[in-house]
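A.B. asks: Each chain, letter by letter, is given below.
Protein chains: 2
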Amino acid sequence: MGDVPVKRTSRDIRTANRYEVLRQIIAHSPTSRQELAAATGLSLATVATLVGELLDLGMLTEVGFEDSAGGRPRGLVAVNASGGALIGVDIAETYVRVELFDLALDMLARADEDMRPGENRPEQVVAHVAAAVGSVVTQAGVEGARVLGVGVSVPGQVDRDRGVSEYAPNWDWHDVPLLDLLSEHIAYPLYLDNPLRACAVAELWFGAARGRGDAVVVNLGTGVGAGLALGGGLHRGVSNSAGEWGHTTLVLDGRLCHCGNHGCVETYVGAPGIMLNLRELSPSSPLLHPEDQTATIDALARGVAAQDPVALTVVRDTARYLGAGISNLVNVFNPEVVVLSSWVAATLGDPLLNEVREAVARHALKRPFAATEIVLSPIPTDPVCLGAATFALEGALQSVSQRGASVSRPRARAGPKG
Amino acid sequence: MGDVPVKRTSRDIRTANRYEVLRQIIAHSPTSRQELAAATGLSLATVATLVGELLDLGMLTEVGFEDSAGGRPRGLVAVNASGGALIGVDIAETYVRVELFDLALDMLARADEDMRPGENRPEQVVAHVAAAVGSVVTQAGVEGARVLGVGVSVPGQVDRDRGVSEYAPNWDWHDVPLLDLLSEHIAYPLYLDNPLRACAVAELWFGAARGRGDAVVVNLGTGVGAGLALGGGLHRGVSNSAGEWGHTTLVLDGRLCHCGNHGCVETYVGAPGIMLNLRELSPSSPLLHPEDQTATIDALARGVAAQDPVALTVVRDTARYLGAGISNLVNVFNPEVVVLSSWVAATLGDPLLNEVREAVARHALKRPFAATEIVLSPIPTDPVCLGAATFALEGALQSVSQRGASVSRPRARAGPKG
Numbered sequence: 002m003g004d005v006p007v008k009r010t011s012r013d014i015r016t017a018n019r020y021e022v023l024r025q026i027i028a029h030s031p032t033s034r035q036e037l038a039a040a041t042g043l044s045l046a047t048v049a050t051l052v053g054e055l056l057d058l059g060m061l062t063e064v065g066f067e068d069s070a071g072g073r074p075r076g077l078v079a080v081n082a083s084g085g086a087l088i089g090v091d092i093a094e095t096y097v098r099v100e101l102f103d104l105a106l107d108m109l110a111r112a113d114e115d116m117r118p119g120e121n122r123p124e125q126v127v128a129h130v131a132a133a134v135g136s137v138v139t140q141a142g143v144e145g146a147r148v149l150g151v152g153v154s155v156p157g158q159v160d161r162d163r164g165v166s167e168y169a170p171n172w173d174w175h176d177v178p179l180l181d182l183l184s185e186h187i188a189y190p191l192y193l194d195n196p197l198r199a200c201a202v203a204e205l206w207f208g209a210a211r212g213r214g215d216a217v218v219v220n221l222g223t224g225v226g227a228g229l230a231l232g233g234g235l236h237r238g239v240s241n242s243a244g245e246w247g248h249t250t251l252v253l254d255g256r257l258c259h260c261g262n263h264g265c266v267e268t269y270v271g272a273p274g275i276m277l278n279l280r281e282l283s284p285s286s287p288l289l290h291p292e293d294q295t296a297t298i299d300a301l302a303r304g305v306a307a308q309d310p311v312a313l314t315v316v317r318d319t320a321r322y323l324g325a326g327i328s329n330l331v332n333v334f335n336p337e338v339v340v341l342s343s344w345v346a347a348t349l350g351d352p353l354l355n356e357v358r359e360a361v362a363r364h365a366l367k368r369p370f371a372a373t374e375i376v377l378s379p380i381p382t383d384p385v386c387l388g389a390a391t392f393a394l395e396g397a398l399q400s401v402s403q404r405g406a407s408v409s410r411p412r413a414r415a416g417p418k419g
Numbered sequence: 002m003g004d005v006p007v008k009r010t011s012r013d014i015r016t017a018n019r020y021e022v023l024r025q026i027i028a029h030s031p032t033s034r035q036e037l038a039a040a041t042g043l044s045l046a047t048v049a050t051l052v053g054e055l056l057d058l059g060m061l062t063e064v065g066f067e068d069s070a071g072g073r074p075r076g077l078v079a080v081n082a083s084g085g086a087l088i089g090v091d092i093a094e095t096y097v098r099v100e101l102f103d104l105a106l107d108m109l110a111r112a113d114e115d116m117r118p119g120e121n122r123p124e125q126v127v128a129h130v131a132a133a134v135g136s137v138v139t140q141a142g143v144e145g146a147r148v149l150g151v152g153v154s155v156p157g158q159v160d161r162d163r164g165v166s167e168y169a170p171n172w173d174w175h176d177v178p179l180l181d182l183l184s185e186h187i188a189y190p191l192y193l194d195n196p197l198r199a200c201a202v203a204e205l206w207f208g209a210a211r212g213r214g215d216a217v218v219v220n221l222g223t224g225v226g227a228g229l230a231l232g233g234g235l236h237r238g239v240s241n242s243a244g245e246w247g248h249t250t251l252v253l254d255g256r257l258c259h260c261g262n263h264g265c266v267e268t269y270v271g272a273p274g275i276m277l278n279l280r281e282l283s284p285s286s287p288l289l290h291p292e293d294q295t296a297t298i299d300a301l302a303r304g305v306a307a308q309d310p311v312a313l314t315v316v317r318d319t320a321r322y323l324g325a326g327i328s329n330l331v332n333v334f335n336p337e338v339v340v341l342s343s344w345v346a347a348t349l350g351d352p353l354l355n356e357v358r359e360a361v362a363r364h365a366l367k368r369p370f371a372a373t374e375i376v377l378s379p380i381p382t383d384p385v386c387l388g389a390a391t392f393a394l395e396g397a398l399q400s401v402s403q404r405g406a407s408v409s410r411p412r413a414r415a416g417p418k419g
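In the order they appear, the protein sequences are chains A and B. Those letters in the first sequence? Residues 2 to 419, by the numbering used here. Those letters in the second sequence? Residues 2 to 419, by the numbering used here.
Excised from the complex, chain A in its bound form (with noise of 0.2 Å):
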């Protein structure tokens, strides 16, 4: 055991830094391979080299020239937006979202499916999920071949490689061959993940983590979790479920949580825990909808826009639990940014912000905290399909390296099937 590598391969760095190139290409179209290697502090050679690939690839495409005071004009490169396009899929608890992008990561259409209360065994979530993939390819009138790849989002622990949804405990699901179910309805290249992962690679591609060394990206929904943007990459660990600070213990011996621990951090401030601060506040508060998470959090956010003086104790209660747990994150991880994201922070937003960053100032060393910045998602649209949809590019982009320069294509046929 002891002896057994960490391998360091060049096809890893190869990756990291066309994910680099690209990311900034993105962000910042058009450009020059000058103004990459600035950006990204790669040579001008290697810049050029995997700009020449994406351009092979149909990723990019060449539109003119800039002129370099007395130099010769420089290339410019821009997304070639059209060369193709990301599905991202959200499965949440209550509802599944699908999302197509361009290559540039703009939205061209959105499908939205509700999923009622117990409505979870994994062949209704499929269907519910190809529904919505045979609608947006519709809606946005893309020719299925141009679709380069489904990501799709599902709670809980999830086997990447095998495609598996190993324990999602909201549902109670134990090893749901997910991607095999996905791919007798859709016949593009499917990559599963969990939204934590989803939050923090949309966060780290176009969101607050871009360009930042280490980001902590915190996922508030109905269940909660830290996505880990360290050095640039997501951190795994060693078997793809690092980050469940929901299940971290802040209150030992406090709430019974699902997973069998007492005290764990989501039972106080996801959704269904914010719903029990509320209630053990003032149990018949009308600001409480027992059944409807979705609607609890709509009423808070209102309540404390007017002042309410229930709804805002249950922020503040709920900010000092969270600051408490994401003091620990600070100290633990001691990383330049903590992004809020997913949508109980985007429907509390800034006042949950605030209340949160006083609660970490008193729990967390100075030092680290002075190093952090704690911010709401800037990302405008559902970050988890955004972030599902760039884990299909960041496969598209792996293939290439995999199979030299051709990005892989659907398998069978043109467009979703059935």
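The set of hints was computed from the structure by calculation and includes no laboratory data. Hints may be right or wrong, so weigh each one.
A pair holds if it fits inside one copy or across any two, identical chains being indistinguishable in the list.
The calculated lysine to aspartate or glutamate pairs, modelled on EDC-like cross-linking and capped at a C-alpha distance of 16 Å, are [claimed, not checked]:
1) Lys367 - Asp160
2) Lys367 - Asp173
3) Lys367 - Asp176
4) Lys367 - Glu167
The hints should help you fit chain B onto chain A, whose structure is shown.
C.D. replies: Just chain B now, with coordinates in the frame of chain A:
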């Protein structure tokens, strides 16, 4: 801000590969370039280049040939143990320990200096370090000119680049320019870091983290923390303060910590926290030596060996806190191995380890728990001294990439000053 690039340079890779090759050679001398390539996953050409550099530096030596079935005889290399000396300094709350190593990191000499309670002004600590460094050089009889560097570990948060102890909570040090003070007495190149990272780098080079992808080294002493060996290197964070797990909240609104927060892990499992666990259980226990942490932990270890019920209960209580806290690390990092290091772990040994394993099994998520081994540090000597000496070795290796093939030498004179 958002566009500062994350540079991945070929020099970083080269340095990491140089470490990896030297680690293998130290572990398995003599060895061939072919074996090194197989063990590290690097190409034979890369290994040959790195071995050549280390030979030029005098860190390796050629030691003959081995037959390879039918092929050309293979040249064997080994660490040139006498090619230089490295010194590791462990400044702890109650003592200073200094060890001198040869280049195979075998210890040649040790000096200990006790510090009385209250004896913690920087000048006092510096005087102890200088005396002990002088002592080990004299004992070992090495020429001062062969000392390649001195690694210094000091508790708390440090600025390595400036050589400053930014904050040492147990002594209330703030921004003490420790390396400047030491350099008035010690003429060798000096490298500053803290015990969390010293223990982690010792495990990475010589212990349970060697060859592991992701390891967490839990440091149990007066203070506690977690050294993070991720992807084969140390995770330091944006301001070099990552790993402050001792100051994460485990019991919201629990015991007051000297950092200002309540319920920190350290207040339950650091040596003073364990003493408090004992005092709360049995205020007049003969195991308790109120002013002496070491004596108390020693007494607990003897009590456990003798099946003393109070000692058994204290260790079980402590393991319960420790198990919940380590589960947080398992769930967040999903590491391959968790190593229990430093003097409290070494003293309480297997009885503590067994209780901790059971407690982690109760608190952690099943899948990351199943992927994680929990072990005591296999390093038989002081891991902080070994790790500090390793920082000096890394410093000497790094200076190669910065200055060409010449190891940094003492600045002024051959021995310690004063």
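A.B. asks: Failing hints, ascending?
C.D. replies: none
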